[in-house]
Amino acid sequence: GAGVSQSPRYKVAKRGQDVALRCDPISGHVSLFWYQQALGQGPEFLTYFQNEAQLDKSGLPSDRFFAERPEGSVSTLKIQRTQQEDSAVYLCASSPGPSYNSPLHFGNGTRLTVT
Amino acid sequence: AQSVTQLGSHVSVSEGALVLLRCNYSSSVPPYLFWYVQYPNQGLQLLLKYTTGATLVKGINGFEAEFKKSETSFHLTKPSAHMSDAAEYFCAVSDRRSGGYQKVTFGIGTKLQVIP
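Taken in order, these protein sequences are the chains called A and B. Quick note on numbering: my numbering labels position 11 of the first sequence as 15, and the sequence is numbered without any gaps. Quick note on numbering: my numbering labels position 106 of the second sequence as 534, and the sequence is numbered without any gaps.
There is no bait here: all hints are sound.
Result set (DSS-like, lysine-lysine): computed pairs, CA atoms no more than 27 Å apart in a straight line: (1) Lys61/A / Lys82/A; (2) Lys539/B / Lys496/B; (3) Lys531/B / Lys82/A; (4) Lys496/B / Lys477/B; (5) Lys15/A / Lys539/B; (6) Lys486/B / Lys497/B; (7) Lys486/B / Lys496/B; (8) Lys477/B / Lys61/A; (9) Lys531/B / Lys61/A; (10) Lys477/B / Lys531/B; (11) Lys486/B / Lys539/B; (12) Lys15/A / Lys82/A.
If you want the footprint, here are the derived chain A segments under chain B, 3+ residues with CB under 8 Å: (13) 45-57; (14) 110-118.
Rather than coming from a laboratory, the hints here were simulated on the basis of the structure. This one's a predicted model, so the numbers in the text were calculated from it and none came from an experiment. Ideal Cβ placement from N, Cα and C applies to all residues, glycine included.
Using the sequences and the accompanying hints, generate a full structural model.
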C-alpha cells in the first residue's frame, strides 16, 4: 500500500554535473508524470509515460533533460550539465490509468539545488 | 490551451472563519477541475475534483467547491478554518489529449495562513 516514492529527497549538485532522480510509482499504475516546481510556483508539466512509452515530452525545457521508464514501473529523470535555473523541486505522480479525470498521486519530490 | 488563474497568492483567515480561495479557468472544452493541497515538504494531495454532474463538489477535510460555468470559476470554500488547514492550495485543470491521456495544468498556488 505504499505511495509514490522519490529519491533522493534532496540533491545538491555543482553546476555542470549530471544528476539522476528516481521515481517509484504505485504498483500497477499505468500513467507516470514528471513535474517541475520552481520556488513560489505551481508544478509545471515535464513529461508523461503510459507504461514504458513516453507519449509526451513537450514540457522538457531543453535537451539536457531526459526521462525513461524502461520496464513500465520505475522512472528516472536525468539532467545533464546542470545549470542554476534547474534548481527546483521535481515531482513525480502516477495514476491508475490514462483516464483524463483520474487523480494524480504525488510523491514528496526531490529538491535539487544547483550551486 | 487550458489554464487556471488563482487570485491571491497569500490568504490569511482567523481560526473559525470562512475560507474562500478563488480559481478561474480557461478551457476550450468542458473542463475537469481539481483542487490539490500541499503541506510543507510534502507532495500534492487531492482535495476534490469536478468531472461531470453535480456542480457542488465535496472533498476531504470539510472543503467544497462549486463549478460555475457562467463565471468560469471553481472557488474552494470551507465554513470554518482550522489551524491544520494552513498549507498551499493549487487549482488545476485537466486537458484530454488525443492519445486519451490527461495533461494537468496547475495554478501558481495560494498559501493559506490560519491565525489563532
